[in-house]
Amino acid sequence: MTRITLIDPQNATGTTGAQLAEIKAAFGVVPNMFKAVANSPAALTSMWGSFGALGGGRLGAKLGEQIAVAIADRNACHYCLAAHTGLGRKAGATAEEMAEAQAGRSADPRIEAALQFAIKVVETRAGVTADDVEALRAAGFDDGEIVEIIAHIALNLFTNYINVALNVPVDFPDVKLTRAA
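Remember, my numbering sits 238 above the position in the sequence shown when you count from 1.
For the record, the hints were derived by calculation from the structure and aren't laboratory data. It is possible that some hints are incorrect.
Below, a list of computed lysine-lysine pairs in the DSS-like style, where the Cα atoms sit at most 27 Å apart [what the hints assert, rightly or not]:
(1) K358 to K414
(2) K300 to K328
(3) K262 to K300
(4) K328 to K262
(5) K358 to K262
(6) K328 to K414
(7) K300 to K358
Have a look at the derived ranges for each label pair, beta carbon to beta carbon [stated by the list, open to error]:
(8) T243 to A364: 10 to 20 Å
(9) D381 to Q248: 37 to 47 Å
(10) F396 to G294: 16 to 26 Å
(11) P407 to A337: 34 to 44 Å
(12) A376 to E260: 33 to 43 Å
(13) F396 to T367: 20 to 30 Å
(14) G293 to T332: 39 to 49 Å
(15) D409 to A376: 23 to 33 Å
Each residue gets a CB set at the ideal place from its N, CA and C atoms; glycine is no exception.
Based on the sequences and whatever the hints tell you, model everything.
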């Protein structure tokens, strides 16, 4: 049972109503996570704006979704794991690529470097070293892309924390966690 009211998009007005209408247009429905976040117009504006900005970033949707499932698995966020696995498939990833990303692996060395970096940032609370950043550069990421990876991490921590702390009901096909939280 959710620990917070899920805002009914049909009753939302003003900026919140407009943003929930945009979200519905993008997904076909308003996912429960957005209904929970809609309790705070500022938080909804921040989250939806971040999704839009990063969705148009240089990393691309597929890598963004792969980063999201790796982080969701580390944070035991069933909601984000389910949502981003489906979104990753829509972005062109195979089921195997998403399962591997969830475990922090990829057959593509560049993607694996990004996943390993993201996991280390999460697990060490950003206590990465110069060598960790250099490993990203060696894999072909420039400074802008490195910052964008960190932005994806921050957005996914926000969504993980919302969904786990508030026990938001999952409204995407279930995906099993690969590691114990």
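Verification of the supplied hints:
In summary, the hint linking K358 to K414 is supported, as the alpha carbons are separated by about 21 Å, within the 27 Å threshold. Restraint check for K300 and K328: the C-alpha separation of about 8 Å stays at or below 27 Å, so the hint holds. For the given pair, K262 sits about 21 Å from K300 by alpha-carbon distance, which is consistent with the 27 Å threshold. Taken as a hint, the K328 and K262 pair is honoured in the structure, with Cα atoms around 17 Å apart against an allowance of 27 Å.
Annotation: proposed proximity of K358 to K262 is violated, straight-line Cα distance about 34 Å (limit 27 Å). Restraint check for K328 and K414: satisfied, since their Cα atoms lie roughly 19 Å apart, inside the 27 Å limit. For the hint linking K300 to K358, the alpha-carbon distance of about 20 Å falls within 27 Å, and the restraint holds. Against the hinted window of 10 to 20 Å, the Cβ-Cβ separation of T243 and A364 comes to about 33 Å, which falls outside the hint.
Range check, D381 to Q248: Cβ separation about 44 Å, and the 37 to 47 Å hint holds. Take F396 and G294: their Cβ atoms lie about 18 Å apart, and the range 16 to 26 Å holds. For P407 and A337, the hinted distance range of 34 to 44 Å is not satisfied, since their beta carbons lie about 24 Å from each other. Checked against the given bound of 33 to 43 Å, the beta carbons of A376 and E260, roughly 39 Å apart, stay inside it.
The given range of 20 to 30 Å is respected by F396 and T367, whose C-beta atoms sit roughly 25 Å from each other. Between G293 and T332, the C-beta spacing of about 20 Å breaks the proposed range 39 to 49 Å. Under the hint 23 to 33 Å, the C-beta atoms of D409 and A376, about 40 Å apart, miss the expected range.
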